[in-house]
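Given only the sequences and the hints, what does the whole structure look like? Please build it.
If you read the protein sequences in the order shown, they are chains A, B and C.
The numbering of the first sequence is our numbering, which starts it at 1 and goes up by one.
The numbering of the second sequence is our numbering, which starts it at 497 and goes up by one.
The numbering of the third sequence is our numbering, which starts it at 777 and goes up by one.
Rather than coming from a laboratory, the hints here were simulated on the basis of the structure.
As the structure is a prediction and not an experimental result, all values here were calculated from the model.
The reader is advised that the hints may include incorrect statements.
Claimed, not checked - Heads up, simulated PhoX-like pairs for lysine-lysine below, C-alpha to C-alpha not over 25 Å straight-line:
no.: 1; chain 1: C; residue 1: K849; chain 2: C; residue 2: K888
no.: 2; chain 1: C; residue 1: K995; chain 2: C; residue 2: K1035
no.: 3; chain 1: A; residue 1: K265; chain 2: A; residue 2: K255
no.: 4; chain 1: C; residue 1: K1035; chain 2: A; residue 2: K340
no.: 5; chain 1: A; residue 1: K438; chain 2: A; residue 2: K422
no.: 6; chain 1: A; residue 1: K340; chain 2: C; residue 2: K813
no.: 7; chain 1: C; residue 1: K849; chain 2: A; residue 2: K340
no.: 8; chain 1: C; residue 1: K813; chain 2: C; residue 2: K1035
no.: 9; chain 1: C; residue 1: K821; chain 2: C; residue 2: K1035
no.: 10; chain 1: B; residue 1: K508; chain 2: B; residue 2: K543
no.: 11; chain 1: C; residue 1: K939; chain 2: C; residue 2: K849
no.: 12; chain 1: B; residue 1: K768; chain 2: A; residue 2: K438
Claimed, not checked - In silico negatives: residues of chain A with every beta carbon more than 10 Å from chain C:
no.: 13; residue: T16
no.: 14; residue: A18
no.: 15; residue: S23
Even glycine gets a Cβ: it sits at the ideal position worked out from N, Cα and C.
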Amino acid sequence: MATTDSAPEAGDLAQTFAGYVPSIESRDIVELRESYGLVIDGEERESRGGSLATIDPSSGERIAEVGAGNAEDVDDAVVAARRAFEAGWRDLAPRVRAKYIFRIARLLQDRAREFAVLESMDGGKPIRESRDIDIPLSAAHLFYHAGWADKLEYAVPGMSARPLGVVGQIIPWNFPLLMASWKIAPALACGNTVVLKPAETTPLTALLLADLIQEADLPPGVVNVVTGAGETGAALVSHPGVDKIAFTGSTGVGKQIRRQVAGTKTRLTLELGGKGAHVVFEDAALDQAVEGIVDGIFFNQGHVCCAGSRLLVQESIADDVLNRLRRRMERLRVGDPLDKNTDVGAINSHAQLERIQEFVEGAEAEGCRIYQPGGDLPERGFWFRPTLVTGLGGSERIAREEVFGPVLTVQTFRTEAEAVAKANATRYGLSAGIWTEKGSRILWMAERLHAGVIWANTFNQFDPASPFGGVRESGFGREGGRHGLQEYLDVTPVAP
Amino acid sequence: MTDRLSVKKTYKLFIGGAFPRSESGRTMVVTSPEGAVLAHVAKASRKDLREAVRAARAAQQSWSDRAPYNRGQILYRVAEILEGRSAQLRSELEAVGYSADNARADVETAIDGAIYWAGFADKLDHLVGGVNPVAGPFLNLSHAIPLGVCALAAPDDGGIRGLLGLIAPAIMAGNSVVAIAGGRSALVTSTLGEVFATSDVPAGVVNLLTGDHRSLLPWAADHDDIDLMDLSGAPVDVVADLEARAAQNLKRVARTDGTEDINTARAFSEIKTIWHPARI
Amino acid sequence: MTATSRSSGKVRLDGTAVGSTIAVSPVDGLALEARAKRLAGRSIKRESKRAGLILATTFIDLTTLEGCDTPGKVGALCARAIRPDPEDPSLPSVAAVCVYPSLVGVARDALKGSEVKVASVAGAFPSGQSYLPERLDEIRRAVAGGADEIDIVLNRGALLSGKLDVVHDEIVSAKDACGQAHLKTILETGELGSYETIRLASMVAMAAGSDVIKTSTGKLPRAATPPVALCMAEAIRDFQEQTGQVVGLKLAGGIRRSKQALGYLAIVAETLGTDWLTPDRFRLGASSLLNDIVLQLRFRETGRYGRLGDLPVD
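In structure tokens, the structure reads:
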């Protein structure tokens, strides 16, 4: 076709359009306070252990102060949870429990935007993700589990199901509200009461959830929130008044917790780290596979336990896939989490940023090739570019250990069997991805991959009805689905 | 007491999301226990039944295609709207002779029933579906599918609880329904249409016919495009005949009485099994 | 073109028109739809929105394809095409006016002296179900009558019965009949059933020499959608990678609102690059879209919501 006369102007217009001027979600919807207390027995009160600051990782600025719960605070919370359990929640009609949880779900849907903005402010993830994924999924978990509360006789056929009692739940900073919801929903549905310990760097949406729970008129003490750092969590784990501990976090801390509860009757579920293999076969729908790879490692800045952080690509298409991947990475928009067009947000903390940097620098020192797209990064705050690491032998530190950042390692394979062997060469076993158009190959691979969750021709799909959890050192126990429910129940044969 | 002249409501059928009178023009008189005329409620004819089945069929596939979670959310919305209308429904029950306590109990149980079934939608496959351990390298998967269009005979004396107790599990499982009730339930049956119309339930998924069981149910039993009949509210002496007629297209016949349990859920669904090889 | 070979699920076209074998990739529909939704959901504000709206205007093929079209109607449309907003002379002309062959002469005269191109459908549009010689003849006559661009329909009957040779060769003949005029090949995506077939149709149409591949005739309810646009954009990108040739994309049917248009611009920008945001390579077949764009631009200028009735009737 002939070119138009206004070509130079058209070029300007195209750049102006495609640059996407900032479309910033307003922070106004969140009413921030200077400081927040602990929420124990239906009331907010100051911690006895002092306070700590929570910052916005996109700027490094302090947002608010929250309590740093000490052992006494934890004890108060456990006592309150026990009282609430025995004095009411345990014996409440199941349908009534269901209706409380439905209320919480609905209120979260009503206040969804407020939670999404706060989540992005406190944790650094893009508003598009908190708005479209974290918050709706959190509400869905509450909704789903509300419907179990009055159907527990079906949780395990032929068995009687009773609550455990008081559960202590310790959650990570990568999906703060979602993890709170994953923990609280089944716990409450099964008739337990809760002491929740949010992550040190992301306490705010859990505290807002406590506020919302109060709005739902949940009896005091059923859900208690004790913010703090590692010591707070340790105090909870070692408290004798807790019937079960549910932990999501690093494998290192998970092992510590396992040691701590050894010899006790405390039930334990652990959802730990991963080093997910993302396997792409030559017959895959390549354009979609590339999107899947990108989503698998750059979603939530790679702060995902089930991230597809190890690409295993069939050798015959490796060059093609890497070219497409690099081209695609050029288009990733890294920046202000509150910009609706941001694809990759801020790294959650300075400490985590340093860890990621160390990994990548180490990889380079070990002879790997590093690719990162160009572009400006904001001056303040914690940022790391999406990164591709090639030229690995397989024994480098970065090939074996969890980076927990937007860093993808690449290896090739020739046959299905080789792909399985390479994928399983890890102590972890949380997730794996398979891209191929052939169904029997999907099923053959799925049978042999050591992973608790396997995604075929998709990635990072979550649903409250789908059990999630790892094998081996990615932890034990499941969350979601009927299997996840059983973790919060004492299941015994029905008395004849 | 004011001198205000009240506006009396017209009680119509609920078909395809709209509120038509019976095509026959016929009505049934609903009276108070003292004999006062409360309303002339539309009396559904066999042609109304035919249209209701058409509307139900047209709506069924896309209703069933929705995620179970979505159907559960909509049923919860039904509960929300019902809660808001409880005063209206209670007064329509009291007008036909329910005591205040019984009217309240009926409405509250109905609302709680909607909530029960809302929570069942995304649990059904957990309970009746699953992977089957066949002796070969196959993935063998069974899951619940709806039956299609269900005709529900709700008890004339069942109130809202009786109606919703059949409608909720049926639509939870992905079916669309034509529910029939009369007698003392006529007023609330018609009003229930207003609840469904404002609860995000797609038009045609629920159709409500106020009418006479004895005249309508044989036509339903003979209808080739109905996949199940629940006879919880049918007069006992006609059940055998209806079951015999149902044999013509082998429509399923159930009598769940709206019990809130797995049996009722299973009555409104059946199983599809898929095989896929797992060897390269 | 000898038809195809299939190995490990990949279809390969022996594209003699482009002198190389062309691989046709499988498509995963769910993942495609998710990506399209992301792209179409980009938040386009302020200067980006203004730029996008102006660009979109320059991409429009203002179209009238009705049995009751008259010279008067076409004349009014052409005037509008040259001056989309009577109150704003700075808003550039649209790309083209698209009409039936019998009205090409009217359009040519009305558009004389402007930059707006004359596009004509030809070849038994919209079904294409007629004799090949007559279809080719219609193309030649439309070109002789002044059409700069010809929009034809791909032979869906041949495609869906597996006769890729027939599909390919008809397009080669049509391109030949076009002479200097540019050829746009309409896939009629609403009839093709799956994204994979859309991708296959795209590749065949490009291998046979189309200058532009287009979604729809606009005569069916199912027309352009974001996933369809993304699917075709990916095919175009893939074809360019494999052969070095640049083919344009035209989206048509059901594009009425600015928000849709901006979403499509985002799909093109992020899949094919900003080089593609030019009327040479990207078109929107639409009619009422222009009104929505003008109202949006006026809102940006005045801060007031406008009235459709204040715009010219065409």
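Hints the structure violates: just list their numbers, smallest first.
-> 7, 11, 13, 14 and 15
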